[in-house]
Amino acid sequence: MEALFAPVFAVMDRLLPFSFLEPAFMKRAVLAMLFVAPAAAGVGVPLVHYRMAFFSDAIGHSAFTGVALGVLLGIDPLLTMIAFGLFIAWAITVVRGKTELSPDTVIGVFFSAVIALGIAVISYRKGLTRNLQAYLYGDLLAVTEAELAWMGAIFLGVGAYLYLAFNRLMLLGIHEGFARSKGVPVRFLEISFALVVALVVTTAIRAVGILLVTALLVVPAAAARNVARGTAAAFWLAVAISLISGISGIAASYYLDTATGATVVLCASGLFALTAILRGSVRRGAA
Amino acid sequence: MSGAVPHHTLEIRNLSVQAGGTEILSGVDADIRCGEITALVGPNGAGKTTLLLAILGLVPYTGEIRFCHAEEHGRGTPRIGYVPQRLDFDRNTPMTVLDFFAITSQGYPVILGHSKSSRAAAQESLSRGGAAHLVSRQLGKLSGGELQRVLLALALRDDPDILLLDEPVSGVDIAGEELFCEFLAQIHRESRFGLLLVSHDLSVVTSHADRVICLNRSVVCQGATTETLTPENLARMYGSGARLFSHGHAEGHGHLHAGERNAGAGGKES
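So the protein lines, in turn, are chains A and B.
When you read off a place in the first sequence, starting at 1, and then add 223, the result is the number in the working numbering.
When you read off a place in the second sequence, starting at 1, and then add 1423, the result is the number in the working numbering.
Calculated directly from the structure, the hints in this document are not laboratory data.
One thing to keep in mind: the hints can contain errors.
[Unchecked claim] Once the Cα atoms are required to be at most 25 angstroms apart in a straight line, the calculated DSS-like pairs of lysine-lysine come out as:
#: 1; chain 1: A; residue 1: K405; chain 2: B; residue 2: K1564
#: 2; chain 1: B; residue 1: K1539; chain 2: A; residue 2: K405
#: 3; chain 1: A; residue 1: K321; chain 2: A; residue 2: K405
[Stated by the list, open to error] Covered, in the sense of this in silico footprint (three residues per stretch, anywhere, with C-beta under 8 angstroms from a C-beta of chain A), are these stretches of chain B:
#: 4; region: 1470-1483
#: 5; region: 1527-1535
#: 6; region: 1612-1621
[Said to hold, decoys possible] Pulled from the structure, derived: some chain A residues nowhere near chain B, Cβ distances all over 10 angstroms:
#: 7; residue: A314
#: 8; residue: S325
#: 9; residue: D362
#: 10; residue: G375
#: 11; residue: F389
#: 12; residue: G400
#: 13; residue: L434
#: 14; residue: A447
#: 15; residue: G453
#: 16; residue: A457
#: 17; residue: A496
Glycine is no exception: its CB is placed at the ideal position from the N, C-alpha and C atoms.
Based on the sequences and whatever the hints tell you, model everything.
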């Protein structure tokens, strides 16, 4: 694994001669962010279009229970977190398709049930709370090279998925019946997208934590919507915003000695505010 | 408008649709002929949208829907265009009209740009609909009438045999509505597809449709427009309290509206 990333780190040393990048753990953190942030932002564009922000939040919080179950059962919590996230994503999507209840209501029910289960597990096993800290707030600086490889795989997988499904996801968000009439396989697309979102969310938790993971998906896409008119512009702007806030957030947290995940999300929120102001001034100019 | 060319026909035979234990449509027999405008009228909850969805194959049904070629006596799968009643998306969705055309045609994602062919097809069908100027406008910023023209242009791009329009003039003002209907009739004269038009507006129906299907869970009556839209039939369909009134904003023809009454079980349009 070290052989895999050593050349990458050597290139980073050459291209980015900043003092905050000298420690190896900082290089790993930045590389992790370069994988995770664009994947999250890229998935975030159709996610926001499809009004599924609450869904990704529910998956993020299910990770809390996934980790607790892993510790309880003596399995690597990273694995149980991902598996549990995928299971909840699948369950929500299937139930949502079979009931007349609004999607938000279905997600709300799952959300509460999952959190309740997590709390029950934690209260059953005293002393578990400490293990959860790293997942609640994220621990980007402790990312291992095996995790880096996983994040790289997720990055490539998300790219491939979006290449195949992006147009259909956008069409589905416009009108379901119309999308069906154009041959979009709606059920398959909904379930596959839910699983991809779950994979991205549970992977990104390592970087920014359960509490903030939705921000990594939603904030760049929301900021891009403030200023972009076309779909391509919105997508690439969201990716750029995620990268800028990811890298500047890591750098700022290094010098300010603040939590990395929180600092990254603060940077993204700052860029959101900037685009909102920009949108306001463009509108005034047009009026 | 029925020409000398033999008709291709979409034949609907004994079509029934059930949802949640209730019968939404039962025993529907109807023909939709290419080259004609067929209007589908009926009260709210009559199953008009459901019939469109069945034709599109989007709801399970019993019975038969077949497409018959008049000359060959063969059957094929028709290309069916669909213009939904309304779209449900956020008004600030970052999507231009060109993006909308591209996501329904090109093989690679629009984030990598628009293909030459999808751009050309969008330009051409929008120009046909007198909407070429809308190509780079944002979808959510279009007026109701502009959006209808874009949706119609998109449906026509794929050269449909049958075009289904669900309440094409809802959300459009009256001036826009007449423009849209005249434009529709003109397009229809040029290319001879079968047009099935769901409408609440009987003036639109009487001035543009060749044939009418009156639906209230089953077919109440159908036939040539003037022979079918009789007060008796309207009363049978909408209930005896149906109001027919005219208002004189347009010279020449009175504007007839069927009273918006929920007949039968009522409830929301299914």
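Hints, verified against the model:
1. K405(A) <-> K1564(B): Satisfied, since the Cα-Cα distance of roughly 23 angstroms is no more than 25 angstroms.
2. K1539(B) <-> K405(A): Distance ~20 angstroms between K1539(B) and K405(A) Cα, so the pair holds.
3. K321(A) <-> K405(A): Cα-Cα ~23 angstroms, so holds.
4. 1470-1483: Coverage by chain A holds for the region 1470-1483 of chain B (3 residues, Cβ < 8 angstroms).
5. 1527-1535: Holds, because 7 residues of the region 1527-1535 of chain B bring their Cβ atoms closer than 8 angstroms to Cβ atoms of chain A.
6. 1612-1621: violated (count 0)
7. A314: 23 angstroms, holds
8. S325: Fine: 13 angstroms to the nearest Cβ keeps S325(A) off the interface.
9. D362: Nearest chain B Cβ is 32 angstroms from D362(A), so the label holds.
10. G375: Non-interface label stands for G375(A): nearest chain B Cβ at 21 angstroms, farther than 10 angstroms.
11. F389: Violated: least Cβ distance 4 angstroms, not greater than 10 angstroms.
12. G400: 6 angstroms, violated
13. L434: 26 angstroms, holds
14. A447: The assertion about A447(A) is violated, with a minimum of 7 angstroms to chain B.
15. G453: 5 angstroms, violated
16. A457: Non-interface label fails for A457(A): nearest chain B Cβ at 4 angstroms, not farther than 10 angstroms.
17. A496: 17 angstroms, holds
The earlier numbered hints that this structure contradicts are 6, 11, 12, 14, 15, 16.
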